[in-house]
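Protein chains: 2
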Amino acid sequence: MALIDKDQGTLVLRRPAEKNPPRTWRSWLIGRPLATADAPHQTIGKAVGLAVFASDALSSTAYATQEILFVLAVAGATASGYAFPISIAIVALLTIVTFSYRQTINAYPNGGGAYIVSRDNLGELPAQIAGAALLTDYILTVSVSISSGIAQITSAFIWIYPYRVELAVFMVILIMLINLRGVKESGMAFAIPTYFFLLMMFITMGVGLFRYLTGNLDLVLDAPAVLVETTQSVTLFLLLHAFANGTTALTGVEAISNGIPAFREPRSHNAGVTLIWMASILGSLFLGITFLAIQIGVTPSEEETVISQLARTVFTERGGLYLGVIAATAIILIMAANTAFADFPRLSALMAGDGFLPRQLTYRGSRLVYSRGIISLALLASLLIIVFEASVTALIPLYAIGVFLSFSLSQGGMAYRWYKIGRLWPDQVIEERGSTLRYDTQWRFKMVVNGFGAICTFIVMGIFAVTKFSEGAWVVLLIIPILVLMLSAIHRHYRDLAGGLSLRKYAAPPRISRHRVILLVAGVHQGTLAALRYARLLSDDITAVHISTNADESDRVCQEWEGWGNGIRLVVLDSPYRLLIEPILDYINQIDARRQPNEIITVVVPQFVPSRWWHNLLHTQTAFLLQVALIFRPGIVITSVPYLIE
Amino acid sequence: MALIDKDQGTLVLRRPAEKNPPRTWRSWLIGRPLATADAPHQTIGKAVGLAVFASDALSSTAYATQEILFVLAVAGATASGYAFPISIAIVALLTIVTFSYRQTINAYPNGGGAYIVSRDNLGELPAQIAGAALLTDYILTVSVSISSGIAQITSAFIWIYPYRVELAVFMVILIMLINLRGVKESGMAFAIPTYFFLLMMFITMGVGLFRYLTGNLDLVLDAPAVLVETTQSVTLFLLLHAFANGTTALTGVEAISNGIPAFREPRSHNAGVTLIWMASILGSLFLGITFLAIQIGVTPSEEETVISQLARTVFTERGGLYLGVIAATAIILIMAANTAFADFPRLSALMAGDGFLPRQLTYRGSRLVYSRGIISLALLASLLIIVFEASVTALIPLYAIGVFLSFSLSQGGMAYRWYKIGRLWPDQVIEERGSTLRYDTQWRFKMVVNGFGAICTFIVMGIFAVTKFSEGAWVVLLIIPILVLMLSAIHRHYRDLAGGLSLRKYAAPPRISRHRVILLVAGVHQGTLAALRYARLLSDDITAVHISTNADESDRVCQEWEGWGNGIRLVVLDSPYRLLIEPILDYINQIDARRQPNEIITVVVPQFVPSRWWHNLLHTQTAFLLQVALIFRPGIVITSVPYLIE
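Chains as they are written, first to last, in the numbering used here: chain U, 536 to 1181; chain V, 536 to 1181.
Next up, chain U with everything else stripped away, as it sits in the complex:
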């Protein structure tokens, strides 16, 4: 490595990088550090991408049908016949959302989640709302999915129940560590369980449909007791409520559009194909489960899930295949959290880059992932799990509102984008807010599709908010505006800072005309003399200051100073109330009041450096206390000169 030659005369000198990455205890936990130059290689293909980004969406098939049937149950057993049409409507909505997002992915090859689309097309406030909604929902995704997965396990093994919170938090930490290792490894770690889940579900579907077509599919034996009383008739509101509940199947669909940069080139193409795969699988699974569930007459129940009833009816017994389905479902639910771990850090880094969140979130850790975002998500989700005691029932009403809010904003933004594109001349291309607008002959059709999607998802969100308000949805409706205010405050700070520090209208102040140095003297010893030696380097204008709390002691200091003080004046400040910091502040205030412009004051504090940490407890931290007390004073610099005892 080239050392710097001070006589080289170069104004700017670049130094090459070290070859070997630093190794710490973290290397053992999350792998050796990766250089920034390695970044492009850390991307994933379509098959792994499906596993990483789709587990959230696919896992929702585990509960979406059940949620529809729960609502319809209040209108009696026959009302369950409405479930299949409702599911078809939901799949239609899924199709609309999928096409909308595919258009977004093509328009935003660098990642086009709801936040970016809202920001580019609707402006700052909608972008902040979308961002706040998404961040909230990612945190909830982790809490709900993990809690739900653990609930599956504890239903099978009841003795685990008392440890569910600890187990859930442990799972969060495990997924956090996998994600801290980096996206490629986490893709591999999650591909196998995702594909295992798909395999088990399609075997169930296939066997179930075969038996249905050959007339061998029986009704559910020993169905759980019906707990819901028939109290209502089938109304439009009831059907909309069931529809809204079923749309939880759509949560997670937006994940891929946020994660485009993680895909291998050509990114937009790969991400778009993966989205279509995911939507097709999700739609057919959801329709298949709903169809078969109605045929075998499942009963929605907290005791036994629809998946469990379906699997044991299709396979006619609680055998190996049944256990395989249950295990795969539990695992995919826990892993759905991984989708949030893939997207939350990216979104928060994006928003931090725009100055809406602390800049530190843009920092990539040793493994090139946004480690601070990953850790923040793990902490917040664990907190929710602990507060709600890993209860899915308590968490679920908070969930999904944010998703549909961001869907509406994203699709509304796209619709407005098509409107703007429609106003261009044919073949005209304009750049607006960093994205390219290019005339498209199909703009009317696309605008209608996106606009219709936006209206639908907005209605779904409204129904969610109204029907679940008192169950907990109010918390989210409160948190999102608070988050938006926070984002705005952070943004204002960074904007003010940039303005305040700007050099645009900056005139260099005149050279400093006087440099006063104040040296604090507690006692006369080698440490004090080292600080004095340093102070003499800074200026000839030095005043030593001693705070006298004990007359005998300060007499001794004065005496010794005459011998060792190099003729520098010592001011003894009486402190009748035995205070240390306040007399110094008073003294500095007086000097400050008479200070000339372009005069600067440096306070030199000898600071003892302990050789063991606990030695700190044996010393008054004057330098630190003074630094805290004086930090708001312009033109005053505190310098602590360390001294060590070998």
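Just so you know, not all the hints are guaranteed correct.
[Unchecked claim] With a straight-line cut-off of 20 Å between C-alpha atoms, the simulated EDC-like cross-links for lysine to aspartate or glutamate are:
| hint | chain 1 | residue 1 | chain 2 | residue 2 |
| --- | --- | --- | --- | --- |
| 1 | V | K1040 | U | E1095 |
| 2 | V | K581 | V | E800 |
| 3 | V | K981 | V | D655 |
| 4 | V | K1040 | U | E1097 |
| 5 | V | K981 | V | D962 |
| 6 | U | K1040 | V | E1097 |
| 7 | U | K955 | U | E659 |
| 8 | U | K1040 | V | E1095 |
| 9 | U | K955 | U | D975 |
| 10 | U | K955 | U | E966 |
| 11 | U | K981 | U | D962 |
| 12 | V | K955 | V | E659 |
The hints are simulated quantities; they were obtained by calculation from the structure and are not laboratory data. All values derive from a computational prediction rather than experimental measurement.
Got chain U sorted already, so can you dock chain V onto it with the hints?
Relative to the frame of chain U, chain V by itself:
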């Protein structure tokens, strides 16, 4: 107030004190600050001194008799007849201890607790053992007395029981605040309850003895059930065990000898008289209670205390006088904690002055009391109360070992002192370790008295340790050596520090020949330029250093530096692993390796000063992290130049 004239030419300048003490929120809580000059007036007379220092000793009469009877109960009801002779033996021991301490008080007018006596006569290690034993026991005194007082209250009002820990901690805080106000006020606050207790107890004694002499004293009616089975015969061990248990009456006797400096002049005389008063009251109360308790045939019980049985039998009903006795007992037990609050801070300040505890403990707070010692005691005692859930039964086995250990050391030290005095010529006076040894014709008698006391208290301690080892005494036998090791380590640190800083063999190093300044540049803005302006004041030898984690960003920094950098060389350090601190450290290490002797390096870090606390969360604290990383490096000074945005 005189301002400093820099042309005055005086080497040492004294500045007068401010007249008005600073007023803060603390003034409201503990009173306005007192000037150091007010100190001598904050002393107390004999009557108040008795209340402040004797509540601990006097309160032990509330349980000492009961503790004797508990042990004798295992040898059957008739064995209780041994209680009175045992009490006489304990009072004899009390007399010996009292005379020993009176001699100590005369020899040590500035305070002569076990710590000082051991230090002056036996040396450093015995002094540390005595100190550790006393500190442990003061903490236990607070925990035990408060818990016991609260237990009295909760026995009467059972609904308070669930809140006993909170109530006990609240009491500790209350007594802490009273003590933080200062000794005079706390004396007044505690005098009334102490004298109320004495009044109530002597009324009980008087009425009881009158009835006994007139033949009207009945046996206890409805005595509590005897829970202890008769399993042993009367053995010497049993009697010694009962004796040891009864000697809890002696805990607190040493308090006055530690507190002599709090007394009004003539201090030794006043303290000595107070000690005699206290011992006489304690002895007669203890004998009276034991005598009457046997006459009325009390049953030792956890359900009803001996005091309660005695009071209701003497007053023939549970009337106003009975309730007065119970209330006074509860109050005196809670107040016994105050004795520890009077002595613990003084002892810890004394030991800190000798360099065995952190020096900060010698600091007198705004009210001229050792506030840090008072707060430390409150914290430690509260911790014990919380850990042991305010259970007296759990705390009591830890108690009293420390007292008797310090008694033994103190009296042993005095015996050795008389031995040394005996070896002087008549009328010879020598100064040894700060105390005066003067020939005394009675040295043999006094040596025997002290030596006998030392042996007796040592035996008592041994019996305590053996009979209560498994109940919890082992904790104390473990903690005291650990504390002694801690005290030694602290002492070693201060001694090494004083040696290392000593100017005795110090030769002033040559003037610093080169002052290199390294200026950290994260971006080019007004804050950076302010730091650059300051750096140019320090030296002409400046290197600006920029850590490059992002190529585009550092290109911009280089470009802007060419415009604003005043021709100062900028070194760009590539950081491929996106680290901030490590590349700077590497760079400094390289410069350091080639550093000449008498060359000093100052690292100037521009530090953003937020106008709101939460803005700190939005910035990386580079200056602070660097300071932590470089603090162990001699010859490197970190200066952070603050910049504010208005």
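Item checked: Hint consistency between K981 (chain V) and D962 (chain V) [alpha-carbon to alpha-carbon, up to 20 Å] -> Holds, at about 17 Å.
Note to self: Need the status of pair K955 (chain U), E659 (chain U): alpha-carbon distance at most 20 Å?
What the structure shows: holds, 18 Å
Check: Given the hinted pair K1040 (chain V) and E1095 (chain U), is their alpha-carbon gap at most 20 Å?
Finding: holds, 15 Å
Next item on the list: Take a quick look at whether K1040 (chain U) and E1095 (chain V) sit within 20 Å of each other, Cα to Cα.
Entry: Answer holds: K1040 (chain U) to E1095 (chain V) is near 15 Å, not above 20 Å.
Item checked: Pair hint outcome, K1040 (chain V) versus E1097 (chain U) [Cα-Cα no greater than 20 Å] -> Roughly 18 Å between the alpha carbons, so the hint for K1040 (chain V) and E1097 (chain U) holds.
Margin query: Run the distance test for K581 (chain V) versus E800 (chain V): straight-line Cα separation, threshold 20 Å.
Written below: holds, 10 Å
Next item on the list: Take the C-alpha atoms of K1040 (chain U) and E1097 (chain V), compute the straight-line distance between them, and say whether it is at most 20 Å.
Entry: holds, 18 Å
Check: Taking only the CA atoms, is the gap from K955 (chain U) to E966 (chain U) under or equal to 20 Å?
Finding: holds, 12 Å
Margin query: Against the 20 Å threshold, does the CA-CA distance of K955 (chain U) and D975 (chain U) hold or violate the hint?
Written below: With a Cα-Cα distance of about 11 Å, the restraint between K955 (chain U) and D975 (chain U) holds, given a limit of 20 Å.
Next item on the list: Quickly compare the C-alpha distance for K981 (chain U) and D962 (chain U) to 20 Å and report which way the hint goes.
Entry: The given pair, whose Cα atoms are some 17 Å apart, holds under the 20 Å limit.
Item checked: Pair hint K955 (chain V) and E659 (chain V), alpha-carbon separation not exceeding 20 Å -> holds, 18 Å
Notebook entry, point to check: Would the pair K981 (chain V) and D655 (chain V) pass a check requiring their Cα atoms to be no farther apart than 20 Å?
Noted result: Distance of about 18 Å is within 20 Å: holds.
In terms of the numbered hints stated before, the structure departs from none.
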